[in-house]
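**Q** Below, each chain spelled out in residue letters.
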Amino acid sequence: EAGVAQSPRYKIIEKRQSVAFWCNPISGHATLYWYQQILGQGPKLLIQFQNNGVVDDSQLPKDRFSAERLKGVDSTLKIQPAKLEDSAVYLCASSSLGGRGNEKLFFGSGTQLSVL
Amino acid sequence: GENVEQHPSTLSVQEGDSAVIKCTYSDSASNYFPWYKQELGKGPQLIIDIRSNVGEKKDQRIAVTLNKTAKHFSLHITETQPEDSAVYFCAAAYNDMRFGAGTRLTVKP
Chain A
1 EAGVAQSPRY KIIEKRQSVA FWCNPISGHA TLYWYQQILG QGPKLLIQFQ NNGVVDDSQL
61 PKDRFSAERL KGVDSTLKIQ PAKLEDSAVY LCASSSLGGR GNEKLFFGSG TQLSVL
Chain B
117 GENVEQHPST LSVQEGDSAV IKCTYSDSAS NYFPWYKQEL GKGPQLIIDI RSNVGEKKDQ
177 RIAVTLNKTA KHFSLHITET QPEDSAVYFC AAAYNDMRFG AGTRLTVKP
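Those protein sequences? They're chains A and B, same order as listed. So the first sequence is residues 1 to 116, counted in this note's numbering. So the second sequence is residues 117 to 225, counted in this note's numbering.
No lab work stands behind these hints, which were simulated from the structure alone. Hints are not guaranteed to be accurate.
[Claimed, not checked] DSS-like cross-link-like pairs, simulated, lysine-lysine; straight-line CA separation at most 25 Å: (1) B/K224 with A/K104; (2) A/K104 with B/K187; (3) B/K187 with A/K71; (4) B/K138 with A/K44; (5) B/K158 with A/K44; (6) B/K174 with A/K104; (7) A/K78 with B/K158; (8) A/K11 with B/K158; (9) A/K44 with B/K153; (10) B/K173 with A/K104; (11) A/K104 with B/K138; (12) A/K104 with B/K184; (13) A/K78 with A/K11; (14) B/K184 with A/K44; (15) B/K224 with A/K44.
[Stated by the list, open to error] Using C-beta positions, here's what the derived DEER-type ranges look like: (16) A/A5 with B/H123: 31 to 37 Å; (17) B/S134 with A/A2: 32 to 38 Å; (18) A/I38 with B/N183: 27 to 33 Å; (19) A/K78 with B/S125: 31 to 37 Å; (20) A/V73 with B/G157: 38 to 44 Å; (21) A/R9 with B/E131: 29 to 35 Å; (22) B/A186 with A/P8: 28 to 34 Å; (23) A/R9 with B/T126: 23 to 29 Å; (24) B/T126 with A/D74: 34 to 40 Å; (25) B/G157 with A/S27: 22 to 28 Å; (26) A/E14 with B/G117: 32 to 38 Å.
No residue lacks a Cβ here, since even glycine has one placed at the ideal position from N, Cα and C.
Chain A on its own, in the form it takes in the complex:
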């Protein structure tokens, strides 16, 4: 079984530039999550999708971050414009159950973003 795929693996940009991350979840997983992991901290939920609908985006900085999952499969997370404090690893995760949040998550390897 293929795992959660993410790209790119690394990205370096200057502040105020824009960047996009892509995620393809495990086949058949209806729920998709984007997490931000700042160095030395645990993952923090940014947004949760159930199929192509948003379940929870309460911690997403909506003035600069956006995400979509148009066909209920893969997803894109965008930052525009980026700030220095956005430097982090962006993790995508998926799960096969109902998306209540209390279930096993499968994580991708993440995209490491450096904002200079």
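Mind docking chain B on chain A? Use the hints.
**A** Using the frame of chain A, we list chain B on its own:
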């Protein structure tokens, strides 16, 4: 919202010794408590989990205990091996999952 605290932040043990990592949570509604292992350059991987109707769960060298009254849960790794070296995260979940800050475990050969 839920707040999860994890201790210690770093832990160094000798190969063959046991390692214990402790977490506390604030939301009494939380009913799912997973532990994830994250190796360098990889995403977190679930190693064991426990639900609120169970007090203890064991899987080979790994065990987790849960005390719902005190709102704390612990990860126990016995007979540690160098390949156990990684960062371990606890989490607590009801409607969403909140992670602790992580424990960097180093197992010295």
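**Q** Indicate, hint by hint, whether the structure satisfies it.
**A** Now for the hints, and whether the structure bears them out:
1. Between the alpha carbons of B/K224 and A/K104 the distance comes to roughly 30 Å, so the proposed pair goes past 25 Å and is violated.
2. Of the pairs offered as hints, the one joining A/K104 and B/K187 holds, with about 21 Å between alpha carbons and a cut-off of 25 Å not exceeded.
3. For the hint linking B/K187 to A/K71, the alpha-carbon distance of about 40 Å lies beyond 25 Å, and the restraint is violated.
4. Restraint check for B/K138 and A/K44: the C-alpha separation of about 20 Å stays at or below 25 Å, so the hint holds.
5. Distance restraint check for B/K158 and A/K44: the Cα-Cα separation of roughly 16 Å lies within the 25 Å cut-off, and the hinted pair is therefore satisfied.
6. For the suggested pair B/K174 and A/K104, the alpha carbons sit about 17 Å apart, so the restraint of at most 25 Å is met.
7. In summary, the hint linking A/K78 to B/K158 is supported, as the alpha carbons are separated by about 21 Å, within the 25 Å threshold.
8. Taking the CA atoms of A/K11 and B/K158, the gap is about 16 Å. The hint holds against a cut of 25 Å.
9. For the suggested pair A/K44 and B/K153, the alpha carbons sit about 16 Å apart, so the restraint of at most 25 Å is met.
10. Restraint check for B/K173 and A/K104: satisfied, since their Cα atoms lie roughly 16 Å apart, inside the 25 Å limit.
11. Taking the CA atoms of A/K104 and B/K138, the gap is about 20 Å. The hint holds against a cut of 25 Å.
12. Note on A/K104 and B/K184: the hinted pairing holds, with a Cα-Cα distance of about 20 Å set against a maximum of 25 Å.
13. The straight-line distance between the Cα atoms of A/K78 and A/K11 is roughly 13 Å, inside the 25 Å bound, and the hint therefore holds.
14. With a CA separation close to 24 Å, the supplied pair B/K184 and A/K44 stays within the 25 Å bound.
15. A C-alpha spacing of about 30 Å is found between B/K224 and A/K44, which places the hinted pair above 25 Å, so the restraint is violated.
16. Range check, A/A5 to B/H123: about 34 Å between beta-carbon atoms, so the 31 to 37 Å window is met.
17. A beta carbon spacing of about 36 Å between B/S134 and A/A2 agrees with the range 32 to 38 Å that was offered as a hint.
18. For A/I38 and B/N183, the Cβ-Cβ distance of about 30 Å falls inside the hinted range of 27 to 33 Å, so the restraint holds.
19. Under the hint 31 to 37 Å, the C-beta atoms of A/K78 and B/S125, about 33 Å apart, fit the expected range.
20. Range check, A/V73 to B/G157: about 26 Å between beta-carbon atoms, so the 38 to 44 Å window is missed.
21. Separation of A/R9 from B/E131 is about 32 Å and conforms to the stated range, judged on CB atoms against 29 to 35 Å.
22. Restraint check, B/A186 to A/P8: a C-beta distance of roughly 44 Å breaks the suggested window 28 to 34 Å.
23. Range check, A/R9 to B/T126: Cβ separation about 27 Å, and the 23 to 29 Å hint holds.
24. Taking 34 to 40 Å as the suggested C-beta distance range, the pair B/T126 and A/D74 conforms, at roughly 37 Å.
25. A hinted range of 22 to 28 Å holds for the C-beta pair B/G157 and A/S27, which are about 24 Å apart.
26. For the hinted restraint 32 to 38 Å between A/E14 and B/G117, the CB-CB distance of approximately 34 Å keeps it satisfied.
Hint check: violations occur at hints 1, 3, 15, 20 and 22; the rest are consistent with the structure.
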